Structure formats: C-alpha cells, structure tokens
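Q: Each chain, letter by letter, is given below.
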Amino acid sequence: RKEVEQDPGPFNVPEGATVAFNCTYSNSASQSFFWYRQDCRKEPKLLMSVYSSGNEDGRFTAQLNRASQYISLLIRDSKLSDSATYLCVVKGGGNKLTFGTGTQLKVEL
Amino acid sequence: EAGVTQSPTHLIKPSGQQATLRCSPISGHTSVYWYQQALGLGLQFLLWYDEGEERNRGNFPPRFSGRQFPNYSSELNVNALELEDSALYLCANPRQGSLTGELFFGEGSRLTVL
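Protein sequence lines correspond, in order, to chains A and B.
Using our numbering, read the first sequence as starting at 1 and increasing by one per residue.
Using our numbering, read the second sequence as starting at 110 and increasing by one per residue.
Be careful, since some hints might not be right.
Restricting the straight-line Cα-Cα distance to at most 20 Å, the calculated cross-link-like pairs of lysine to any residue (SDA-like) are [unchecked claim]:
hint, chain 1, residue 1, chain 2, residue 2
1, A, Lys42, B, Gln153
2, A, Lys106, B, Gly210
3, A, Lys45, B, Asn168
4, A, Lys106, B, Ala128
5, A, Lys2, B, Glu160
6, A, Lys91, B, Arg176
7, A, Lys45, B, Glu191
8, A, Lys96, B, Arg204
9, A, Lys91, B, Thr114
10, A, Lys42, B, Ser174
11, A, Lys96, B, Ala111
12, A, Lys96, B, Arg176
13, A, Lys45, B, Thr114
14, A, Lys96, B, Gly210
15, A, Lys42, B, Arg176
16, A, Lys42, B, Pro123
17, A, Lys2, B, Gly112
Just so you have them, the derived chain B footprint on chain A, three or more residues with Cβ under 8 Å [unchecked claim]:
hint, region
18, 16-29
19, 38-46
20, 79-92
The set of hints was computed from the structure by calculation and includes no laboratory data.
The model shown is predicted, which means the values in this text are computed figures rather than measured ones.
A virtual CB, placed ideally from N, CA and C, is assigned to each residue, including glycine.
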C-alpha cells in the first residue's frame, strides 16, 4: 500500500462547480498534512496546511479525519485558473514529507 | 531575493553515464531536500541535507548520491544512469524557523536518459 494515495483524476468540472478531492495515508503516526498545487511543468507550491479542526482559505476548505486516515480538499466556485494538479502531502518522522501522486483538475468553460 | 535555483534546466544523457545536478538554496537557508518526480509516480523523496550533513535518505539505490557545500548549495549525482532515471529532479528549502511542511521548490532539472 502506498504511503499516500490519491485518485489521479482528471476531474473535469465546469466553471463555478464545487469539487472535492480525497487523500488517504497509511501511517497513523503522521504528524502534519498539507495540500500543494502544481501547475503543468512547474514546481509544486504550498496551497494550504490542513488542521485537525478543518480550515478554510477563501474558496478552499481542507479537512482531516485522523480516525479514517484521510484528508480532503474542497474547492468552491471553481475558476479556470484552478486547473492544476493537487498534491496531498503528509509529514512523518525525520522531517520527511511524503507526496501523493496528485489529482489533476481541469476546470472548463 | 532569489528563490531556489537549479541547473541545468534540461539534461540528456546516455544510459550508463553519470549526471550531476546542482541546487542553490535561498540565501541563508541551510537545509536542502531533493525529490524525483517521474511520470505517474509523484514526488519521491531522495535526500535531505542540513548544515553540510546528510540527514535522511529515501528508498533509492546507492548510485544516487549527493553532497552539500559550505555555502549550502547542493549537488545530486546519479551514476550508471538507467532509462527509468528519466524524471524531473526538484530541490527545495523548508521554510525557516518552523517545523511546518512548507517547501520552496526550484523549477527543477529535467533529466532524460536515452
């Protein structure tokens, strides 16, 4: 089983739609969780951290379910500019960050 | 202030040879991570250097090696290149002064092995 698993997609959604991605992780001792965004042929960039109580940043909402070992990212009112690959990232021991393979989102007119 | 810079941008090498990739961190940052991003596999952790020492290593064979220089720049060497080493190699600095998961990535070096 992979340490961090994501549905690769692509998720094709119309502009204005709400879309949600899930990510599961295998190590119950994982400490911190993040979502990164990677545009085509560009480097990944931090989108947001995921806090235990859930957190929101504008149109983006992240949630963590430790019991089921998954995190989610919800994007409301999708924009064309949201088209990218979203990487789920889990931080474990030794300061090691483990990246999922990413979920591709395509927002269409 | 310059971000993380990597060179070369692209590199093409025949199998069996060696590739050397370079990374200059953000000024003042002492910690450097190396990741491999191969098609369909996502980012795979390769190496972590801090203060000139190797702190952690991913699940890669010994022909992947590196070092960090006194000025905190870093080099990744891949010996005896294989076709499956073709990938984007990313160098990153963690955010200073915190234990969060924010990494600042360079634009990467794309290695193609023929």
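Q: Take the hints in turn and mark each one as holding or not.
A: How the hints compare with the structure:
no., hint, result
1, Lys42(A) with Gln153(B), "holds, 16 Å"
2, Lys106(A) with Gly210(B), "violated, 26 Å"
3, Lys45(A) with Asn168(B), "violated, 24 Å"
4, Lys106(A) with Ala128(B), "violated, 35 Å"
5, Lys2(A) with Glu160(B), "violated, 31 Å"
6, Lys91(A) with Arg176(B), "violated, 23 Å"
7, Lys45(A) with Glu191(B), "violated, 29 Å"
8, Lys96(A) with Arg204(B), "holds, 14 Å"
9, Lys91(A) with Thr114(B), "violated, 24 Å"
10, Lys42(A) with Ser174(B), "violated, 24 Å"
11, Lys96(A) with Ala111(B), "violated, 25 Å"
12, Lys96(A) with Arg176(B), "holds, 18 Å"
13, Lys45(A) with Thr114(B), "holds, 15 Å"
14, Lys96(A) with Gly210(B), "holds, 9 Å"
15, Lys42(A) with Arg176(B), "violated, 25 Å"
16, Lys42(A) with Pro123(B), "violated, 25 Å"
17, Lys2(A) with Gly112(B), "violated, 31 Å"
18, 16-29, "violated (count 0)"
19, 38-46, "holds (count 5)"
20, 79-92, "holds (count 3)"
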